[in-house]
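Colleague: Below are the chains, spelled out letter by letter.
There are 2 protein chains.
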Amino acid sequence: MSEPSDLRSRKKLATYRALAHAARELTAERGLEAVTVDDIAAAADVSPRTFFNYFSSKEQAIVGVEPAVLEDLAASLLERPREERPIEAVAAVLLERMTTDAETARRWLLRAELVERYPSLLPRHLAAMADIERTLVTTLAQRMGVDADHDLRPMVVVSAVTALQRSTLAWWNRGGRTEPLGDALRSAFAALATELAKP
Amino acid sequence: MSEPSDLRSRKKLATYRALAHAARELTAERGLEAVTVDDIAAAADVSPRTFFNYFSSKEQAIVGVEPAVLEDLAASLLERPREERPIEAVAAVLLERMTTDAETARRWLLRAELVERYPSLLPRHLAAMADIERTLVTTLAQRMGVDADHDLRPMVVVSAVTALQRSTLAWWNRGGRTEPLGDALRSAFAALATELAKP
DNA sequence: CAGACAATTGCAGAGACTGCAAACTTGCGT
DNA sequence: ACGCAAGTTTGCAGTCTCTGCAATTGTCTG
Chain L
230 MSEPSDLRSR KKLATYRALA HAARELTAER GLEAVTVDDI AAAADVSPRT
280 FFNYFSSKEQ AIVGVEPAVL EDLAASLLER PREERPIEAV AAVLLERMTT
330 DAETARRWLL RAELVERYPS LLPRHLAAMA DIERTLVTTL AQRMGVDADH
380 DLRPMVVVSA VTALQRSTLA WWNRGGRTEP LGDALRSAFA ALATELAKP
Chain A
230 MSEPSDLRSR KKLATYRALA HAARELTAER GLEAVTVDDI AAAADVSPRT
280 FFNYFSSKEQ AIVGVEPAVL EDLAASLLER PREERPIEAV AAVLLERMTT
330 DAETARRWLL RAELVERYPS LLPRHLAAMA DIERTLVTTL AQRMGVDADH
380 DLRPMVVVSA VTALQRSTLA WWNRGGRTEP LGDALRSAFA ALATELAKP
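Protein chains in written order, with the working numbering: chain L, 230 to 428; chain A, 230 to 428.
Treat the hints as calculated values from the structure; they're not laboratory data.
Incorrect hints may appear among the rest.
Copies of the same chain look alike in the list, so a pair counts if it works inside one copy or between any two.
To be verified - Straight line, CA to CA, 25 Å or less: simulated SDA-like cross-link-like pairs of lysine to any residue:
| hint | residue 1 | residue 2 |
| --- | --- | --- |
| 1 | Lys241 | Val264 |
| 2 | Lys240 | Glu312 |
| 3 | Lys287 | Thr333 |
| 4 | Lys240 | Ala297 |
| 5 | Lys287 | Val266 |
| 6 | Lys287 | Asp360 |
Based on the provided sequences and hints, a complete structural model is requested.
Modeller: Given below as structure tokens:
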């Protein structure tokens, strides 16, 4: 959460954000194929070459997840109450960000729309989701006091929660967004519990 | 499952497979960055331009899923016994292919290794998994006699099963592959059921 | 201020990918 | 068998993505 005081680091972060921001905005208004890396670099006031010091591709800049967000997620997960069960804690961390911070919510919806509109964004989008998964697995293992290489549970919990979250969000976004997202998610968990219960 | 009798279609399928095969083999032996699209096209005896009539990128050729496989998965799912619960049916369809057909198993393991070795394959790999998900959701909705746009359950079941399958496979592959894959999967489902149960 | 270190930039070049029009192959009706 | 219609392959020209390298500029530390 803490922004670095270091000038060098602050500039670096600013450049990162300027590039990501330019990438998203230009794509949203002009369309994906009408935006080149040169355009993005120009909008962020850096050389095209610098773009590739930060991102490995145009798509990455649009749908990538900022490292600080990952750290943030990890911190949030560690701060959840001890008595909360793992699955609740992980779900809460993810939902929390969507419902608490309007700017975050706006950004995730924009992302969802762009991915919907331009299927070529899907691969990198899923890779970004995988980054989140990796972070959560590591952190949850730490929180549970187990080793993620030997104990399946952290991975199982995280992959199930993120899968539900991701697919429910897409579903909710495709449909009219009638009910609140939190309700849709609760339904999804309930449905899974029902389907999973031995008859 | 049925191969087309049509000459045109048979040639097309053959070209598709020759390209995909060349892409996988060349990458496995030479390494990803040492293989160009021109190399792949040459190995498959077609022009480089033709490669792009079949695949949208080199990565796609390596880790993409053949349309016939998707149809195959759908068919398998529809053939599962009626009384089997959705979650079992989906899990069975996926596990079945790995354990029944040695060639399929070999191919999935090679794929897992390549993705592990070359992270730049991950995005397209995940996109390919998403293709499988889409197919399964549609088919499962049909099997359950519901509409996937209104009823969350098909999507919930499929995304949970595929997430577990995918992550368990990666875990099992990273570890020594000591226990049988089926056992690992069963453990994963059991763990999820436990974590999901309200206390 | 000076030297160490980090980030930016330009340049050159390989390779990925697309649109288009010409050539070729296959399918099908006569 | 013939020839037209439809589907596929190919070459070509050109744009854009992405990388390595070496030079430059900017920031930090003592």
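Colleague: Determine which of the earlier numbered hints do not hold for this structure and return their numbers in increasing order.
Modeller: 2
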